[in-house]
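Protein chains in written order, with our numbering: chain H, 1 to 343; chain C, 344 to 660.
Bear in mind the hints are in silico, worked out from the structure with no lab data behind them. Note that beta-carbon positions come from the ideal geometry of N, C-alpha and C, so glycine has one too. No false leads were mixed into what you were given.
Ranges of calculated distance between the beta carbons of each label pair, as one might list FRET restraints:
#1 H:R180 <-> C:Q357: 28 to 34 Å
#2 C:W487 <-> H:R220: 41 to 47 Å
#3 H:A59 <-> C:G640: 33 to 39 Å
#4 H:E128 <-> C:W532: 52 to 58 Å
If you want the ones that stay clear, here's a sample from chain C, every Cβ over 12 Å from chain H, calculated:
#5 A388
#6 L395
#7 A397
#8 F450
#9 Y453
#10 L569
#11 V579
#12 R585
#13 V643
Quick list of in silico lysine to aspartate or glutamate cross-link-like pairs, EDC-like style, CA-CA up to 20 Å:
#14 C:K380 <-> H:E135
#15 C:K374 <-> H:E135
#16 C:K374 <-> H:E136
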Amino acid sequence: MVPMSLITLTHLTYRYGAHLALDDVSLVLEPGAIGLLGPNGAGKSTLLRLLLGLLAPTAGGGSVLGLDLQGDSGQRRGLVGYMTEADALVPGLKGVEYVTLAGELCGMPYRDAQRRAHELLTFLGLEEARYRKLEEYSTGMKQRIKLAQALVHDPPLLLLDEPTSGLDPAGRDDMLSLLRLLVQEHGKSLLLSTHVLGDVERVCSQVVILVGGRVVRQGRVDELRTSRRDRYRLEMEPAEHVAAFIGALQSAGLTVLSSESQREVSVAVPEGWSTRGFFALARDADVLIRGLQRDDEDLDQLFHRVMDEEGRGEAQRGSEPPGAVHHAGAAVDQLDPAAEARS
Amino acid sequence: MNVNLLGYRPWSGQRRGAWRTPWPIARVALKMIFRQKLFWLLYVAALLNFLLFASGIYLFSQIDIEALTNNRATPQMIKFWTDMKMTLQKQLKLAGDAETYRNFFWFQGYFTMAILALAGATLVGGDYQHGSLPFYLSKPIHRWHYLIGKMAAVAVFISMLTTVPAILLFIEGMLLSEEFVNAPWPLLWGVLGYGLTLTVVLSPLVVMLASWLRRTVPLVMVWAGLLFFCRIVADVLVDLLRYDPHWRLIDLWNLMFVVGSWCLGVTPDRGGSERVRQLSLAARQPPVEAALLVLAGVFVVCIVYLHLRIRAVEVVT
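Bound conformation, chain H alone (with noise of 0.2 Å):
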């Protein structure tokens, strides 16, 4: 039974030794398909880990599925299945012996891990390289078992670091295919720790995204998409004419924001503008327009637009006088003890 906040975390920070990991970290996440994402070095590794019980927390705390941080980590990795990015395979096992010790090790009896070994196997198209020793797995086989061995136990929560990582694009739509399967067909939820976007775009229904350890924006992807009603698409033709109807756009007091190619442009409206506007304006450059959309922000922009706005708010921080507060990456190793114990 999945609770209605799937995680909660309230001011967890985490450091590795003067390496702030972790600032004040404070989410609530339903259940779902959740996508962390952020640059390398942004934090999204040691939330996992700390979900998992890998590492104690330096401050704050939580709970995952119901079940404390700062209580027994074992229980609460009874009902969580993790999928490293490193390998994290036993070299020398069969692949179904590999899944069998996953299960035996969440406390499956041996029968009954062996023939989940098998299902799993066969669920994930490995039927016929079970036999076969680990090391003569190719990624997208490795990436497949290191997913059966998290699902064996059949828990209701996957934490997924970097699923996709070294896979080609065939195996990279393999998997994600999988993943939003056991989301929408089997009801797990999945927080999915990755630095490709559109992963998160094609399972995800929330992000989070980390940027030097703390959180800069949290919710559902469609609410953090900005709606941007004053932008749209434009698809026209005939390509000769299209000069013509730009110049006719910026008369009419519109923006011309690119124009990707020689049928294609994006324009930002004045207030008060009318659609109909685009088609009259077409009609006397002569020009016959295909296609016309809203120009909503999409994971990628999003992404980029944040990236964006904590890059300036860096800067400006790092304009404040010395002693002031820091919180991103490696630069926190060079914090002075004032502004440390004040972060």
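Guided by the hints, dock chain C onto chain H, whose structure is given.
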């Protein structure tokens, strides 16, 4: 990819406690070693020593002087040959008594050391090299379950090489002496005590060294240094330079030999003739209490180190 040929099925069985997880860890560890040809090569070599002892005990028990001389020898001759047989049996330590087992354990140590270096690197060093620790520790187990599983696997290897063959020698000796009912049980307890000493000290030591050094070659070098170089240094100090026998406390294998000999109820005598022993003072050994104290210290250091070292996430500050 044939995704969903067999649809995903939930599992809802009964889970067992984490205290049972060391068994699958140990079983898988044993399986990994048993798949190595080098292990079987070393194991067969180790069994040659066992076969030497077993056949020696058998042969000496079967030599019947009267039958050999076809009852034509005089009583004096029979006594002479019988005394010869007993002297030879005693000198070669093949009488099936405590000295036999003491020597068997001592010589078996060389093979044990080689196999343990291989086992340690494969079982624990490999987990670090290939990043397998997060796999184990991301499951609902404590690091002690992992350690107990690994140490149990090492303990099985030690027993396979020392205690089990020694017990087989004991059974052989018991059957040949036709004293099944009046078997020398204290001797069996001595054998088990010696085996237990080896297991309790060597298991955490191997796991500790393997988790520290990780790779086979450095592990073999440190292992050999610890067990052979220390012995040479101790022998030079005590036998040649006439230092106090307490200097032998640096020789770990010798310490286990001292404690094992105490379990068997014999002096920790490492061989050689009486005259050589008197000249070289090779028989000088530290007291068993001191040996026990050092071994307990080694055990505690290993356990503390492992407790600090075995983590799913290596934090480098």
